[in-house]
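*Asks:* With chain E fixed as given, assemble chains B and W onto it according to the hints.
Chains as they are written, first to last, in the working numbering: chain E, 1355 to 1452; chain B, 90 to 467; chain W, 52 to 523.
Just so you know, the hints here were simulated from the structure itself, not pulled from any lab data.
Because the structure is a prediction, the values reported are computed rather than measured.
Mixed in with the good hints there might be a few duds.
[To be verified] Chain B side only, calculated, beta carbon under 8 Å to chain E, not exhaustive:
{"hint": "1", "residue": "GLY347"}
{"hint": "2", "residue": "HIS382"}
{"hint": "3", "residue": "ASN387"}
[As the list claims (entries may be wrong)] Covered stretches of chain W (chain B as the covering partner; in silico rule of three or more C-beta atoms under 8 Å from a C-beta of chain B):
{"hint": "4", "stretch": "457-466"}
{"hint": "5", "stretch": "486-496"}
{"hint": "6", "stretch": "507-514"}
Positions of the beta carbon are idealized from the N, C-alpha and C atoms, including for glycine.
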Amino acid sequence: MFKRSEQDKRPPVQIFVDGVAVAAREGDTVSAALLASSCDARRSTAVSGAPRLPYCMMGVCFDCLVTIDGVGNRQGCLVPVAEGMQVEIQKGKREIGR
Amino acid sequence: MRTEYDVAVVGGGLLGSAIAWGLGRLGKSVAVLDEGDITKRASRANFALVWVQSKGLGMPAYTVWTVQASQAWGRLASELKQQTGLDVSLQQNGGFHLALGEDEFGQRAELVKRMHNQSGAADYKMEMLSASEVKKSLPLIGPEVSGGSYCPLDGHVNSLRTFRAFHTGFKAFGIDYFPEQPVSAISKSGGEFRLTTPKGELRAAKIVLAAGNANQTLAPMVGLYAPMGPTRGQIVVTERTMPFLPHPLTTIRQTDEGTVMIGDSKEDELDDRTLKHSISAVMTDRAQRMFPHLSRLNVVRSWAGIRVMPQDGFPIYDQSETHPGAFVACCHSGVTLASNHAFEIARMVAQGALEPELVGAFSASRFGGAGTANNSGY
Amino acid sequence: MTVAPKREDYDVVVIGAGPAGLAAAATSAEAGLSTLLLDENVGPGGQVFRAISSTPVTDRNQLGADYWVGADLVRSLRASSAEVIHRATVWSLDRNLDIAVSVGGASAFVKAKRMILATGALERPFPIPGWTLPGVMTAGAAQTMLKSSALVPDGRTVIAGQGPLLWLLAAQILRLGGRIDRILDTTERGNYFAALPHALAFVTSPYFAKGLSMMREVKAKVQVVSGITELSASGDGQLASVSYVAGGKRETIPADLLLLHQGVVPNVNLAMSAGIEHRWDDLQLCWSPVLDASGNSSVAGIAIAGDGAGIGGANAAVVRGRIAARAAVEALVPAAAAKLAPMATLRSELAKAERGRVFLDTLFRPSPQFRIPTGDTIVCRCEEVTAKDVLDSVAIGATGPNQLKAYRRTGMGPCQGRLCGLTVTELMAQARNKTPQEIGYYRLRAPVKPITLAELAAVPKSGADVKAVVRG
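Pulled out of the complex, with its shape left as it was, chain E reads as follows (with noise of 0.2 Å):
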C-alpha cells in the first residue's frame, strides 16, 4: 500500500510481525513499518471482529492496535520500532495475560 523513497537512508531494524522478519527502518512507528511492509497487518475488533488497519497514524482513533513484546493493545502508530520486537496482530478482544 505504501512504498519507501530512495532518498530514506535510515538505518535499517528488523522486527518480526506473527514470527515473520520484517525490515523497517530506524524511526518507524510500528504501525508505519506495518503498513509498509507486505504483511496482512488487519487486526479484528473488539467488538465484531470487523477488520481495520490504521486509520489517523497520530495516536487518536485507537484502529491501529496491536501486541507489542507480549502487551495487547499498544498504539502502534506511537511506538517506534526497536530491533528484535515481536509484533502480533491482534484478532478480536485483548487475551488474558497478554
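*Replies:* Here is chains B and W on its own, set in the frame of chain E:
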C-alpha cells in the same frame, strides 16, 4: 402534547422507568417526566449488580424483599427480551466478595455470622469460603486472596441495556417519556395532580416520585417524607478483554461486552464532575491483587456517580395520607430491585395502595421526626 | 530514554510540542520561568512539523518551506532552558492545575502555576459508508508516514475531500514519487459564492499564492473531479473500490487506498476534561474553547494556544503560543516580560496570520452529507454504532450525547469520542431540530488517554483513600 394520565412518574432513571414500564404493562396510561442530558444519573453510573449477599443487616424485611427481587429478575429479563428483542445479559450464578489478608477475612466472616443470626434470615444462603474453595470457581485469583463470602443468589446484568430496554418498551406500552422536563412544583386539586414543568403543566390521577435524591425536595410537596443521604462512588473500567471472570464480585465484574468494571468507593463528597485518582488507585490496586493479570489491562475510563441513598440505607416506599394517590419510591439498589419495581410496586400503585405485608417496613415513618406525622405506616 | 519530570512544580507547563507549544515553551523559558513541555510523540513538531528533527526526506523542496519553519522553532526551544519530555502522555488535568503524566509506563504528578494547552487539532470525522474498511485512512495519516518515514502510496490511490491540507499532501506525495490515481473534490459549489465576500482578505494573505501554485502543480499530474456530492468506500474486508457521484453521474473506480480529509477541528479532550468551557463554532462547525485575547480559558491559570483554541493554522499557532506565554510571564513575573516581544506587536502578527481564515472556513465548510451520515454508516468506530442506531435512540428519548452513551455505548471505547463526538452532536441536533450548542458534548473525564491499571494502582494513596474503599 397530551397532558392527562392515569399516572405520572417523576424520574426516568432505572427506578422510575421500571415502575412506569410495570404500569404500562398493566394497561395504565403513563407519563414519565425526566431531566436532560447532563444531570446526576445513578442509572448510568451504577455497578450493575443484582445483589443479595449482605443486604438487610438491621432490617430483615429488606433481605426478604431483595431475595424476592433476585428471584423475579429472570422473569423481567425474559419479558423485556420478548417485548424489545434486547438481551439484558442477566447472569445469576452466584457472586463473591473477596477478602485480602486474614483481617478482612475475619471481618467478613463476622458479618456473615451476624446476617445468619438475624431473625427472619434462617435460610440465608451466604457462606464463607476458603481461598482454595474460591479458586475452584475463580481460578485466576492471586496469592493475597484469603477467601471470601459467596451467595448463590447473586448475579449481575447489563444495566445500561436494561435502561434502554425499559425505554424501548415504553413505546410498545404507549408510555409517554418527556425528557428535559424536570418537575418544579406539584399540587392537587379537583381530584388530580398538577405537575409544573418548564414546558407546561401535566395532570395525572396518581403520581410516583422516583427522582432519586431529589425526592427529598419533591416529597414534601405532597405530604411525603424522603430523607436522603447520598454518597459519591467511583468506578474504573478497562478495555475489553477475553472472558476470565465467571462470577461477579462486589467490587469487580466483567461485563458481557468484555470490559472489566472496578468499584466501589464511598465518600461524602457530592460533586460528580471530579475524581480522586488516589481512590481509583486503591480500587485498582485491590483489583490487581485479587486478579494479578488485570495489572496489564488499560483503563479506558473512570467516573464518579452520586448514589441514591435513603438516610438509613434502606428503601423508602410510601404513600401520602394528605394527598391520596401520591407515592414515593427511592432506594440505592435500582438495578437489583428493578424486578420488584416493575412487578410489585407498579401493581400496588395501579391498585391505589401499598400493601403493608409486602412493603410496610419501608415506610418513611421509621425515621420518626419531621414529616412523619402524615405517614400512616400503612 | 525518556525520563520523568525533574521537578514537582513548574511556573509554566505546556502540553503539546507542535507550533504553538514549541513557541510557548521557548518564550516562557526565555523569560526565565521554569518551564516543562510535555509531548506525546517521539520528537517535536506536532502534526504540521511532524518528525522535523528526524525526517528522512532530505530534499527540502519536497516538504516545502512552510515545513522547515518548524526547525527554527525547535532550535529556539533547544537553546532555551525549557525541560522537554517526549513520549509523555498527559492523562489527567484538573482545575487545580494538577497534571498526571505517563512516561515510560509510570505516572508522575506535577503542578503548574500556569498551563498552556497546545494539544492542536485532529482531522474532522469523515463518516461515509465504508470508512472503517482497511485501506481507508485520513490524509493526515498519509502525511505523517510521508514526513516521518518517507513512505508514499504505491497502490491505486484516491484522495477525497477538501481543504488546503489535501492539496499540500497531494503535492508532497507526487514530489516523492508516490501514486495518486484521482482526487475527488467535495467542496460544495455554493461555497465559492459564500466565500466571495471574504476573498479580498484571502488574496492578500500568504496562503493565496502558495495555495494556487500547489493546486496547479497537482492538477497538472492528477485527474481531479470536483463537485462530488456522494462518496462511499466498499470492499470485502479490505477497500476494493470507491464510488462517487459528480454532476449527477455515478462512477465507481477500483482503489487500494482512499485518503479522506475535510479539514481539522480542535482536539478538545484534555481541555474539556479539565472543565474548560467550550462553545459550538457555527463557522468552523466544531467545539472551540471560550478564551480571552491572551488565550486564557474559563479555568483560572489555563490558557489554550494553537489550533486547540480554534483552527487558525500553523502561523497563527506560533503567535498564539507566544501570546499565551507572554501573558503567563506577565502574570507571574511582570518584570521579565520586558525581554519579550511586546503584546501589541504579537497581536498585530496574529491578525496578519489569521487573515484569510474566514475565506478558507467558508470555502471549505464541509457539506452536511459528509458530516451527518445516515442508515448503516458507522458513526462510532470503537463501539461500531451506526447512524440508524443513534436515530433509534433519539426516538426513545436520548436528548444528548450522554444519554446516547447509556443507550448505545457511543464514545465509550478507547478513542473516547474523538472520532465520533462531532458526528454524534450534529446528528442528534439534526434529528431533534436543535442547535449543536443545545445538544452538547460528551462529558469527558480522566484518564483522557488509556493508562495501564498497574499505573493507576501505583498512584500515591492516603489512609482516607483506603477507608473510602475498604469497608468490611
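*Asks:* Any of the earlier hints contradicted here, and which numbers?
*Replies:* none
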